[in-house]
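Given chain S's structure and the hints, the job is docking chain X onto it.
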Amino acid sequence: MNWLSWLSDFFSDPDHRSGPDSIVHRISEHLVFCGEALLFAALIAVPLGLLIGYTGRGVTIVTGIAGFARALPTLGLVTLAVLLGRVDDTAVLIPLVALAAPPLLVAAVEGVRGTDPDVRDAARGIGLTHPQVLWQVCLPSAAPTLLAGFRTATVQVIATATVAAYVGLGGLGRYVFDGLATRKYAVTAGGAVLVVLLAIGAQLFFALLARYALPPGVRAQRRTR
Amino acid sequence: MDDEPIVRWYWIGDHLGYLGNLLADHAVIALLPVLFGLLLAVPLGLACARFPRLYQPLAAVFNIVYALPAVAVFMLLIPYTGLATQATVMIPLTFYALAVLLPTIVDGLRAVPDAVRQAATAMGYGPWHRLTAVELPSALPYLIAGLRVAAVSSISLASVGALVGRGGLGYLFMDGFQRTFPTPIVAGIVLIAALAVAVDLALVGARRLLAPWAVREKGAGR
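Line by line, the protein sequences are chains S and X. Just so you know, my numbering puts 170 at position 170 of the first sequence, and the rest follows in order with no gaps. Just so you know, my numbering puts 172 at position 172 of the second sequence, and the rest follows in order with no gaps.
Bound-form chain S, shown alone (with noise of 0.2 Å):
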């Protein structure tokens, strides 16, 4: 039990520097998978969320599909996927997609419900149209929920992801199975490391975004609450 010789042997190893199962090629694909959900995910649960939420209809149906989606085991969609689609990067996308959705549909919800009522009023007493207060007044108080919605999808798709190893796909989880079929503890615990260490910097980046790059009143707004 040396953590020492086993992280110097992960990555010291020759393979782990240039090539396909090099660190840097295995984090990038993590990247890109984990990207891909989130963009498909996204452009599906985020405009339809912010319907919803903004007019008030399938609200109940969303928080269902959502507690409902907690309950879904993330590697027995996996394999099914792979067994029902092919081998391919695409069977495994789906279900990456399918568990990155949930949270952003129900932030989109609660973002727009939760804006303050009569800030909606005000915005259509000025003359602004329906999609004009959903996009110009919803969506920046609806911001920081979203954020905290794509932070929740990123931190299940960066595992879901790693799971999805199991079944052929790159990334990160690459080495942690590579490790345990070969019998080489030192892949599995370097690949385990990088995946703790990649999680803990998608938490610091959402951290950094809340922080930064929030419109400004909606900043301000929460600094007085």
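Just so you know, these hints were derived from the structure itself, not from any lab. Take these hints with a grain of salt, some might be off.
If you want the ones that stay clear, here's a sample from chain X, every Cβ over 10 Å from chain S, calculated [claimed, not checked]:
| hint | residue |
| --- | --- |
| 1 | Val28 |
| 2 | Leu40 |
| 3 | Phe51 |
| 4 | Leu54 |
| 5 | Tyr66 |
| 6 | Ala119 |
| 7 | Ile155 |
| 8 | Val160 |
| 9 | Ala162 |
| 10 | Gly176 |
| 11 | Ala193 |
Label pairs and their in silico Cβ distance ranges [said to hold, decoys possible]:
| hint | chain 1 | residue 1 | chain 2 | residue 2 | range |
| --- | --- | --- | --- | --- | --- |
| 12 | X | Pro79 | S | Val119 | 40 to 46 Å |
| 13 | S | Val32 | X | Ala194 | 34 to 40 Å |
| 14 | X | Ala119 | S | Ile27 | 53 to 59 Å |
Using N, Cα and C, we set each Cβ at its ideal position, and we do this for glycine too.
Chain X only, in chain S's frame:
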């Protein structure tokens, strides 16, 4: 995969006892950590309500803990707790449950109106009696809301434990995948979802029994 149906019902019929054993194992692996998490979260939550400065750093730490992918954490524990042991899966699940429960308990305790607290004191309740008879019951709806989230996530996360050799129903996913036989996978997903729904309904029922006032108060039980 061309002529293999998604579900072969006879397999399920032939393996009912086996599925039952996996379900029971799964329930233990997934739900005991929630119980342990609760046992840790209540004293920690009380400490945080008492010493507010403690809460910020603890909440930050548990936020990070919650974000750590379970697969990776299980793998990192192998040298200490061993492959295919319950501890490898249950220790991280305990911390995930704790990460969910701590904020809900603190929120619940903070939401007790000052007037209620003062009224209790005025009626002669000592600090301990006030805590057990007034503050904890008031926080109960929040706590049960937290338990629902923690239990459902724990049930679905526990299946990932199959990858380190101990995941209850999660084993069905690996089995089905290795034999390119989708029936066990479907059975596993359905049983896990059913267990989650059953536990969730049980907690909703518990809230109605233990905190009947919260059902009518909008938002408090969420």
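Consistency of the hints with the structure:
no. : hint                             : verdict
1   : Val28                            : holds, 16 Å
2   : Leu40                            : holds, 22 Å
3   : Phe51                            : holds, 23 Å
4   : Leu54                            : holds, 20 Å
5   : Tyr66                            : violated, 8 Å
6   : Ala119                           : holds, 28 Å
7   : Ile155                           : violated, 7 Å
8   : Val160                           : violated, 6 Å
9   : Ala162                           : violated, 6 Å
10  : Gly176                           : violated, 6 Å
11  : Ala193                           : violated, 5 Å
12  : Pro79(X) x Val119(S): 40 to 46 Å : violated, 55 Å
13  : Val32(S) x Ala194(X): 34 to 40 Å : holds, 35 Å
14  : Ala119(X) x Ile27(S): 53 to 59 Å : holds, 58 Å
The structure does not agree with the numbered hints 5, 7, 8, 9, 10, 11, 12 stated previously, though it agrees with the rest.
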